[in-house]
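2 protein chains.
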Amino acid sequence: MSEATRNRIMEAARALSYVPSEAGRSLSTKATKRIGVVSAELTNPFFPQLIEPMREGLEKRGYRTLLITDRAENPLEIGLLADGSLDGVILTTATLGSSLPHELASRRIPFVLVNREIDSIAADTCVMDNRSGAEQVAQLLIRLGHRRVGAIFGPQETSTGRDREVGLRAGLSEVGVSLPRNLTRRGPFSYETGHRAMRELLDNPTPPAAVFCGNDVIALGAHSAAIGRGLRLPRDLTIVGFDDIAMASWESFGLTTVRCDFTAMAEAAVGMLLKRIKQPSLPHQRQVLSPRLVLRGTHGPPAS
Amino acid sequence: MSEATRNRIMEAARALSYVPSEAGRSLSTKATKRIGVVSAELTNPFFPQLIEPMREGLEKRGYRTLLITDRAENPLEIGLLADGSLDGVILTTATLGSSLPHELASRRIPFVLVNREIDSIAADTCVMDNRSGAEQVAQLLIRLGHRRVGAIFGPQETSTGRDREVGLRAGLSEVGVSLPRNLTRRGPFSYETGHRAMRELLDNPTPPAAVFCGNDVIALGAHSAAIGRGLRLPRDLTIVGFDDIAMASWESFGLTTVRCDFTAMAEAAVGMLLKRIKQPSLPHQRQVLSPRLVLRGTHGPPAS
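So the protein sequences, as listed, match chains A and B.
Counting from 1, one number per residue, gives the positions in the first sequence under our numbering.
Counting from 1, one number per residue, gives the positions in the second sequence under our numbering.
In short, the hints are calculated from the structure, not lab data.
Predicted, not measured: the structure shown is a model, and the values here were computed from it.
Even glycine gets a Cβ: it sits at the ideal position worked out from N, Cα and C.
Heads up, some of the hints might be wrong.
Cβ-to-Cβ under 10 Å is the rule here; a few derived chain B residues that face chain A [unchecked claim]: (1) Phe47; (2) Arg186; (3) Tyr191; (4) Asp236.
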């Protein structure tokens, strides 16, 4: 096609408000320039904070983000991801028993696991060292003199929930502190989990002096429940979270927590996925980011 | 095609893990069963709360939600919405000068304005009565005895920012209370806006005794700034928000605010859009929902 012909066509297209049809384009090139990001409810503030930098990173590289929600009540079907409309998938919410990664792998759809991982599959993965983060919390509590420690863990069928529990228990048991069964609770990573569990822990005849929470959203629920009972932090109670979402730094909470670098995690995930799309046969990568304690205002020595 | 042939084809397709190609299907039927939802940053918790019930409502009716972000720094181009991949669009963030609604209308792409509206276009619209909500706040402040009132408004180029400001001023001026210029601030609907503005207001030689905030996210920033200065609410300061997002009800805040029914708004928007897709020539509808005050723990009489 000559330059002049091309120009005349482009001009006519502009005059007619023509926009290239993605449907037509995908049939010819097979690339859709669309990436599916699978997340849990967006009303859980953890996910927007992880997803926003992924969306930005993908946008910079010319990809659009299709956000798809996967919920326990209504699990995502593979058909939604494998209908040819996506060049690749980022999974942020895989549970240890998820079949989705296996189904993506068997269909040769490029994907990356971020935030949560699965032991049973070889896949590109980017996660925090959750165990080390929780061990750091255990060491902090011990340094402060805590012996009566409680915990509100996330779900055991997620690698984040499992590894943070393992880390806390390991760190405490090194100095002979154990977690009594009546001071531990477990539930989904939600405000409601933290709120309900903290009320139960406070109803205990000898309530805990410090409570580790499986993530910040749980910790914010626990914080609210403690405030609702008239407690003042950290004078009456120590609460430590995990993730360092934006809200943790608000003066209204001043939550002591473990920082996960969402931007670094998002960038690593986007980079891995685009590499995988270009070179499907590359060996799989597993990247582990190191968390660190952020000391704010919800930790202190036990009330004497 | 005979039933037996169809069955043999379906069986072969299953054996080959075949999933219908959306790209192929869209070319033949023109319907993609995809709806674009345009929102601002998801890290602003207002948007997830509005979007989640829309996504659910669309899912129930067999539609997938493609979430697309429109940001001031990187405004959305019409090409992203008009490439044939969407059956319709829900706009949650239109500013008064937005060209997007006009471009969608001229391309005959079904769309609905929700949360924010635009005067210059005939379109299906679902909004709160923002003016009446802010008037109710003015009446509350007056009943409590407040005369030294400040405000942190949202952007004037949004109908929500504009109408809430108009309502507050109208309600106050009915009883002869005015908003001094040095006690008003304005900015994007963000935590940072509220945090910075509240610090400035508190630096005033005679700070306000009550502050109206353009939305809850601004109010949470203002709350944090006040706590950071050692103030106790409502003893030292009254703060009232707008929206009643989930966080407003947390005991850590106990924010007095104006309730907008997100679920009703989302359902109305989904209903209008699907009607419009079926019957493009229907007359346009405008639905206005009534807000109501929610009295929690951040309002009280001025310190004497």
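Here is what the structure says about each hint:
no. : hint   : in the structure
1   : Phe47  : 8 Å, holds
2   : Arg186 : 22 Å, violated
3   : Tyr191 : 7 Å, holds
4   : Asp236 : 15 Å, violated
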